[in-house]
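**Student:** Start from chain C and add chain F according to the hints.
So the chains spell out like this:
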Amino acid sequence: MYIKILIYYLFGYVNVIVEGFFIEKFMNMCISKRIFFWNTKRSKSTVFSANIGVGNYKEVAKIAKKCQCKIKINKKHGLPFLLNRYRKRKIFAITLGVIVIGIIAISNFIWNIEITGVDETKQKEIMEFIQTEGVDIGKYKNNIDLQNLINKIRIQRDDVAWVGMEIKGTNLVIQVVEADEKPEIIDENEYCNIVADKDGIITKIEAQNGTPIVSEGDTVKKGDILVQGWLEGKYTENRYVHAEGQVTAKVWYSEKEKVYYTQNYANQTGNKEKKYSININNFKINLFKTLSNFENYDTIRTIKKLKITSNFYLPIEIIVNENFEKQNNQVVYDKNEAKEIGIKDLKSKLEQQIQNTENISNIYINTNETEEYIEVEVIYEVLESIGTKEKIEY
Amino acid sequence: MINRRRKKVASRISKALEMPEEVSSRAPKLTILKFEEVLIENYKGILEYQDFFVRIQTYIGIININGFKLSLEEMTVDDVIVKGKIESIDFESIVENEEG
Chain C
1 MYIKILIYYL FGYVNVIVEG FFIEKFMNMC ISKRIFFWNT KRSKSTVFSA NIGVGNYKEV
61 AKIAKKCQCK IKINKKHGLP FLLNRYRKRK IFAITLGVIV IGIIAISNFI WNIEITGVDE
121 TKQKEIMEFI QTEGVDIGKY KNNIDLQNLI NKIRIQRDDV AWVGMEIKGT NLVIQVVEAD
181 EKPEIIDENE YCNIVADKDG IITKIEAQNG TPIVSEGDTV KKGDILVQGW LEGKYTENRY
241 VHAEGQVTAK VWYSEKEKVY YTQNYANQTG NKEKKYSINI NNFKINLFKT LSNFENYDTI
301 RTIKKLKITS NFYLPIEIIV NENFEKQNNQ VVYDKNEAKE IGIKDLKSKL EQQIQNTENI
361 SNIYINTNET EEYIEVEVIY EVLESIGTKE KIEY
Chain F
1 MINRRRKKVA SRISKALEMP EEVSSRAPKL TILKFEEVLI ENYKGILEYQ DFFVRIQTYI
61 GIININGFKL SLEEMTVDDV IVKGKIESID FESIVENEEG
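Residue numbers (the numbering used here), protein chains in the order written: chain C, 1 to 394; chain F, 1 to 100.
Chain C extracted, bound-state conformation (with noise of 0.2 Å):
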């Protein structure tokens, strides 16, 4: 029904206003020759109102003649009618056209990529390469082979596990899903050695498989074998072995760091300013000038794209430069100050590092005190086991 009236709407429909004592009549022989009419109004019982398509108009006048009916047309309906108030605005429907045509036309481009699932700088990578192979912002979208792009960015990168890419609107979205790096896992039944991992002092050392060829208090140093592989028996010959045992050892962390007396920091005051800028595939139009009124200041640019829909990019940005202007002011430690500041950096630092926090046997604080800056240092010692398995290479 609905669509019936679009397709009537579009080619135009008249409101009729039939006058006359045979209304009855004219209605039955209009459904009979298969007019039809709707919205249909019987205000008197003389005056009935219906809206008609226009092609049927001349048809339904014979009718209502037959009939002897008056019939009037009450208004005109639809784009036909529509169309011709607006005859004489050339330009107006000349731009439109443009409008729509350009339209079209720009969206068969890309204007953006979008790359997720991985950190930015694996983005600028991915994004390198799909330059090089030809895909960039403003490529006809046509012309992309989106698979062969996938099989090549899988074959050239190992941390891949996964691409899709889809080219939504204007707007190619690449999803990127990395690949976990495996951990070697050496097989029960091949030979390894307990290697350590990390510099330290071992403090304790138990082997349940292998010969243990170091010992308590001795140092060692990264890539030590710790557990050999084999045993050696005095009758028999060397019996390679799957190594297996815990290895415990101080380790100790250590981070430094200057702190000044007297520091610098800059406070904002509050005062800021904004800046617009158009970029136009790469053709900047500034608005204002690039020049900032203050002196000192902290810029945060803000890159917006034009879109029309969520997906439909134009190849238009805007930049909003927004400047911040600030006050340097200074600042002076007395000494307790200075270490105390630099002993509470270095620890989160350093605890970050640490994967156990609970195995902390010891913590050392050394400083080094100068005129213009104290040097604190701070040594973690931390109880951690220290052996991983590599395998025997013969």
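Bear in mind the hints are in silico, worked out from the structure with no lab data behind them. C-beta atoms are modelled at their ideal positions from N, C-alpha and C, and glycine is treated no differently. Among the hints, a few may not be true.
Label pairs and their in silico Cβ distance ranges [stated by the list, open to error]:
hint, chain 1, residue 1, chain 2, residue 2, range
1, F, L47, C, G97, 48 to 54 Å
2, C, M1, F, A27, 20 to 26 Å
3, C, M1, F, K7, 53 to 59 Å
4, C, V54, F, E73, 42 to 48 Å
5, C, G55, F, E73, 19 to 25 Å
6, C, T46, F, I94, 24 to 30 Å
Derived DSSO-like pairs: lysine-lysine, alpha-carbon spacing no greater than 27 Å straight-line [unchecked claim]:
hint, chain 1, residue 1, chain 2, residue 2
7, C, K70, F, K69
8, C, K272, C, K284
9, C, K168, C, K124
10, F, K69, C, K76
11, F, K8, F, K29
12, C, K72, F, K83
13, F, K85, C, K41
14, C, K72, F, K69
15, C, K168, C, K307
16, C, K305, C, K122
17, C, K33, F, K83
18, F, K8, C, K41
19, F, K83, C, K25
20, C, K221, C, K204
21, C, K222, C, K305
22, C, K258, C, K349
23, C, K58, C, K4
24, F, K44, C, K289
25, F, K44, C, K44
26, F, K8, C, K4
27, C, K75, F, K69
28, C, K72, C, K4
29, C, K44, F, K8
30, C, K326, F, K8
31, C, K347, C, K198
32, C, K25, F, K69
33, C, K349, C, K221
From the structure, some residues in chain F lie toward chain C, with a derived Cβ separation under 10 Å [to be verified]:
hint, residue
34, I46
35, L47
36, Y49
37, S71
38, E73
39, V80
**Tutor:** Just chain F, lined up with the frame of chain C:
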């Protein structure tokens, strides 16, 4: 008589084929939605159309619809929809007892 017999045969065939009755015979079928819409299939013509009263001719009689602001919609050769506030519907049968 002959006409009546022919009708009986036709209705028997359609019963055997399990066709809906309104398809084979030209019996009107009314579908009423709420008290606001009546779809009448297999009608013959509109006898009277007023804002408050619609009279529709069918092959077995006349359907009278009383109400307010009645309007006819989706008129085709076979069916019509009467929309508006419907107060009552009644029938005037013109077919005599056929069962005899």
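**Student:** All hints, please: hold or fail.
**Tutor:** Structure-based check of all given hints:
no. : hint                        : in the structure
1   : F:L47 <-> C:G97: 48 to 54 Å : holds (53 Å)
2   : C:M1 <-> F:A27: 20 to 26 Å  : holds (25 Å)
3   : C:M1 <-> F:K7: 53 to 59 Å   : violated (34 Å)
4   : C:V54 <-> F:E73: 42 to 48 Å : violated (20 Å)
5   : C:G55 <-> F:E73: 19 to 25 Å : holds (20 Å)
6   : C:T46 <-> F:I94: 24 to 30 Å : holds (28 Å)
7   : C:K70 <-> F:K69             : holds (23 Å)
8   : C:K272 <-> C:K284           : holds (23 Å)
9   : C:K168 <-> C:K124           : holds (21 Å)
10  : F:K69 <-> C:K76             : holds (24 Å)
11  : F:K8 <-> F:K29              : holds (20 Å)
12  : C:K72 <-> F:K83             : holds (25 Å)
13  : F:K85 <-> C:K41             : holds (14 Å)
14  : C:K72 <-> F:K69             : holds (23 Å)
15  : C:K168 <-> C:K307           : holds (12 Å)
16  : C:K305 <-> C:K122           : holds (22 Å)
17  : C:K33 <-> F:K83             : holds (23 Å)
18  : F:K8 <-> C:K41              : violated (42 Å)
19  : F:K83 <-> C:K25             : holds (20 Å)
20  : C:K221 <-> C:K204           : holds (16 Å)
21  : C:K222 <-> C:K305           : violated (51 Å)
22  : C:K258 <-> C:K349           : holds (14 Å)
23  : C:K58 <-> C:K4              : holds (20 Å)
24  : F:K44 <-> C:K289            : violated (81 Å)
25  : F:K44 <-> C:K44             : holds (24 Å)
26  : F:K8 <-> C:K4               : violated (39 Å)
27  : C:K75 <-> F:K69             : holds (22 Å)
28  : C:K72 <-> C:K4              : holds (23 Å)
29  : C:K44 <-> F:K8              : violated (45 Å)
30  : C:K326 <-> F:K8             : violated (102 Å)
31  : C:K347 <-> C:K198           : holds (20 Å)
32  : C:K25 <-> F:K69             : holds (21 Å)
33  : C:K349 <-> C:K221           : holds (24 Å)
34  : I46                         : holds (5 Å)
35  : L47                         : holds (6 Å)
36  : Y49                         : holds (6 Å)
37  : S71                         : holds (5 Å)
38  : E73                         : holds (6 Å)
39  : V80                         : holds (8 Å)
Of the hints listed earlier, those the structure fails to meet are numbers 3, 4, 18, 21, 24, 26, 29 and 30, in rising order.
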